[in-house]
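Protein chains in written order, with UniProt numbering: chain W, 1 to 300; chain L, 1 to 594.
Rather than coming from a laboratory, the hints here were simulated on the basis of the structure. Please read these numbers as outputs of a predicted model, since none were measured by experiment. Note that the Cβ used here is the ideal one computed from N, Cα and C, for glycine as well. Any given hint could turn out to be false.
Derived, one-sided and incomplete: chain W residues facing chain L with beta-carbon distance under 7 Å [as the list claims (entries may be wrong)]:
(1) Ser12
(2) Cys146
(3) Arg213
(4) Leu216
(5) Ile239
Derived CB-CB ranges, DEER-like [stated by the list, open to error]:
(6) Gly131/W x Glu367/L: 38 to 48 Å
(7) Met266/L x Gly131/W: 26 to 36 Å
(8) Ala212/L x Ser58/W: 46 to 56 Å
(9) Gly186/W x Gly380/L: 42 to 52 Å
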Amino acid sequence: MRDRLSHLQEMSNGHVEPMEDAESTVSDTFSNVDLEEELPHEAVVFDDNSPALEEVFSQSQDIHREIQLIRLEVKRLREQNSRMLQGTTTMSTIKRDSNAIGADIKKRAEDVLARLHDMDGTSHKLEETHGSNSAVTRIARTQYACLSNGFRDAMFDYNEAEMSHRENCKAQIQRQMEIVGREVTGEEVEEMIEKGQWNIFNDNIVSEGKTARSALSQIEKRHQELVDLEARISGIHEIFLDIAMLVEEQGPMLTSIQSNVQKTDEGIQDALVKLGRAKRHDNNNPFKKMFCSCFPCFNS
Amino acid sequence: FWALENTTENHMFCKILNGVIKSVKKDGEWKVLIVDHMGMRILSSCCKMSDILAMGVTIVEDINKRRERICSLEAIYLIAPVQKSVRALINDFKDVGFTYKAAHIFFTEPCPDGLFTEIGRSRVAKVAKTLKEINIAFLPCESQVFSLDDPTSLYSFYSSKPNEEKDKMIENLAEQIATVCDTLKEYPAVRYRKGPEENARLADEVYRRLTAHKADNPSMGEGPDKARTQLLIVDRGFDPISPILHELTFQAMAYDLLDIKQDIYMYQTTGIGDSKEREVLLNEDDDLWVQLRHMHIADVTKKVTELLRTFCESKRMCTDNANIKDLSQMLKKMPQYQKDLSMYSTHLHLAEACMKKFKASLDKLCEVEQDLVIGATPDGEPLKDAMKSIVPVLLNNELEPYDKIRIILLYIFHKKKGITEENLAKLIQHANIQADSNIITNLENLGCNIIAGGSNAGKTLPERKERTGSTYDLSRWTPIIKDVMENVIDDKLDKRQWPFISDPAPINTTQTAVSARFGHWHKNKSPPEYRTGPRLIIFVIGGVAHSEMRSAYEVTQATDGKWEVLIGSSHILTPTSFLNDLKSLDQCIKNVSL
Chain W
1 MRDRLSHLQE MSNGHVEPME DAESTVSDTF SNVDLEEELP HEAVVFDDNS
51 PALEEVFSQS QDIHREIQLI RLEVKRLREQ NSRMLQGTTT MSTIKRDSNA
101 IGADIKKRAE DVLARLHDMD GTSHKLEETH GSNSAVTRIA RTQYACLSNG
151 FRDAMFDYNE AEMSHRENCK AQIQRQMEIV GREVTGEEVE EMIEKGQWNI
201 FNDNIVSEGK TARSALSQIE KRHQELVDLE ARISGIHEIF LDIAMLVEEQ
251 GPMLTSIQSN VQKTDEGIQD ALVKLGRAKR HDNNNPFKKM FCSCFPCFNS
Chain L
1 FWALENTTEN HMFCKILNGV IKSVKKDGEW KVLIVDHMGM RILSSCCKMS
51 DILAMGVTIV EDINKRRERI CSLEAIYLIA PVQKSVRALI NDFKDVGFTY
101 KAAHIFFTEP CPDGLFTEIG RSRVAKVAKT LKEINIAFLP CESQVFSLDD
151 PTSLYSFYSS KPNEEKDKMI ENLAEQIATV CDTLKEYPAV RYRKGPEENA
201 RLADEVYRRL TAHKADNPSM GEGPDKARTQ LLIVDRGFDP ISPILHELTF
251 QAMAYDLLDI KQDIYMYQTT GIGDSKEREV LLNEDDDLWV QLRHMHIADV
301 TKKVTELLRT FCESKRMCTD NANIKDLSQM LKKMPQYQKD LSMYSTHLHL
351 AEACMKKFKA SLDKLCEVEQ DLVIGATPDG EPLKDAMKSI VPVLLNNELE
401 PYDKIRIILL YIFHKKKGIT EENLAKLIQH ANIQADSNII TNLENLGCNI
451 IAGGSNAGKT LPERKERTGS TYDLSRWTPI IKDVMENVID DKLDKRQWPF
501 ISDPAPINTT QTAVSARFGH WHKNKSPPEY RTGPRLIIFV IGGVAHSEMR
551 SAYEVTQATD GKWEVLIGSS HILTPTSFLN DLKSLDQCIK NVSL
């Protein structure tokens, strides 16, 4: 990679371009600040999409932040779940935390869904006002599409966190069952979870002694966690459905850069401008007029 | 492909682009990204919209389209240093009201002096905050495949019409190939297949460009094993069979039989909602595609079904049959697995579509083709009467003209010395393909022996290696380039038939610190080691076939990762596109500049 900015600047300083006074002040003092001061009168004439753009960015920033917060919560959940497995805190506080986090995630997710819905509405309004190919409309749609995908990834990641905890709980139950003298397969544990049958206490198991009691207590805890986990996941099923629907409706190809660039066409306004130019400059060249839309390469 | 601990071209590439765009990222500020055709293709081949959004870009514009002013945002330009793009750039800042707040310019290749001066004299020079040449003028289509994105290349090299632009074209090509090596930090020994003049010319020019790049970038080719890296220039005429043959491995078959454009596969499906048309990108982001693409079609459906069943079981989804029809049910029950289920759905559909086409008319055809190219039946019986096998195919009215042309060509190659004009006329008549018959004769432009005693008399296709080991009867052919790849690695490639442009560099025995300039990038995967072993880079003039791409991976795997084989060309062929390219060789086509 070669940096040639300094070459360019040397060349530019050495070159004196014939310019009018107004322009020379602009070029000499060019900086972000100056340009912004220049803008106000320009903005009225040309840049009427600035406030709309600001709103789009503000909306998307809010949603982005909420999604980041969801990710943070998922991280906390993972940590909490692993602490539970290690048995480092008392059961009652843990239970509240995991469920509390789960409830928080659910609430945030519902909020994000609502915001995304609003953003969709904004995009449609922009489309009506500025046209579907205007920059601000496309920016809004792109932000919306990417935020939807990001949201989906965050929520599906939440599911992964819960599922992996589920597997860990199952594994631990199996181990503890062995300790109390009752070996079970993964399948059998699944059945027990699904049917809610914990007959272990009635079978020929060792229930006396400190080890056995501790093992049984662990089993009970894990069982309760699994029950809570199932409840959390089924409680959020609707939301998962909504998210999947949201992403499905947009179509996966929106993520391709190529399709984002190629979707832009010159607007009718632009075509008229082009025709006007062609008329002005090419009165003598009927062929150029005829072909200018078919063979764009000949124009340059 | 994560089994290879090497840094693949693709990832190095992504890291660079990531670095490039991210380097100008400022928190809280969005930017506009402006691309020309080359820039867009390069970016698109390894980044998604979500990736560039993460880099602070909120919209991507085509530099050649009329664009709205967005004065509040700065612009990043990713363009080739060509007149059209540079003029458009200058134009953005011509009037007093600039189109954007500032410009960050990234050129794909070194900018020629004339254009650079033009920029220097324009107002762009005052608003440019960045100006860099990134030296990436190619597309990394896959981790071991690159393309220069020029489908007109076969015409440029081999058309019957005189081409005044040929020298310039070869120079441009050489520069692009040099950027491939530059990106890979390789300084290979350059070799070419002796025979066609273009091979030597291109090789010569590549060597010159490589040397120029090395002067600017001395770390190219540094490393204990790097002296063994070779770059081979070979012409399409060297193996005209591979791009024509019906292949039955997933990727090759799908691109041959189905209408897949720009790597996008479209199909009808039901998801959570009603039936709709889905578009899917077949690229290396799809882990399942990477797993399946080189597999034989017979194994693909089996594999996908097996994987889907395992997946469902692990997620406790109760289904009787894990197949396409159940997928929408599964999706409703467990929408959180949308991504995975979509992936399985795509590949089941794709495999089914391939098999449907195959069963409709191609199974008998493939038998004949394989016998012709191997010269023997699956039992090992030499093929006695080739004409007898192909006549029923030619007379079959249910076959497409292009399928018939393919059989005729394979028959001619089987004949080794070509066939008489008389016989050719008879075949064309049987097949009723008069309209497309020039495809056959145009192959002579590539140096192939079509008409017996014609201009290419005496030229023969190379002797093939004996290959043992079980293969499917309809997949006995191995691309000729695979023999070459293996020979290079074993250091057995004949120096007279494949001369070096310059003597290979002496083996560097000192341990040079390998540059870790580009940080590890990919979020979910473990960071790959920087590749230290030698590479074999092959450039095919006129287009590369899918089976040849597959060979690169197969040979790499066979070396246990000691070597990495990369293959590329001006563009990737399908049998149809190859025949279309051939068709135009004797016609006058205006050069369409992109």
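Taking the hints in turn, this is what the structure says about them:
1. Because the smallest distance between the Cβ of Ser12/W and any Cβ of chain L comes to about 3 Å, under 7 Å, the interface hint for this residue holds.
2. Look at Cys146/W: its Cβ gets to within about 5 Å of chain L, closer than 7 Å, so that hint holds up.
3. Checking Arg213/W against chain L: minimum C-beta separation of about 31 Å lies over 7 Å; hint violated.
4. For Leu216/W, the suggested interface contact is broken, since its CB lies about 26 Å from the closest CB of chain L, more than 7 Å.
5. Taking 7 Å as the C-beta contact cut-off toward chain L, the hint placing Ile239/W at the interface is violated, the least distance being around 9 Å.
6. Roughly 57 Å separates the CB atoms of Gly131/W and Glu367/L, a value that falls outside the hinted 38 to 48 Å.
7. In this structure the hint that Met266/L and Gly131/W lie 26 to 36 Å apart at CB holds, the actual value being about 27 Å.
8. At about 49 Å, the CB distance of Ala212/L to Ser58/W agrees with the hint of 46 to 56 Å.
9. For Gly186/W and Gly380/L, the hinted distance range of 42 to 52 Å is satisfied, since their beta carbons lie about 50 Å from each other.
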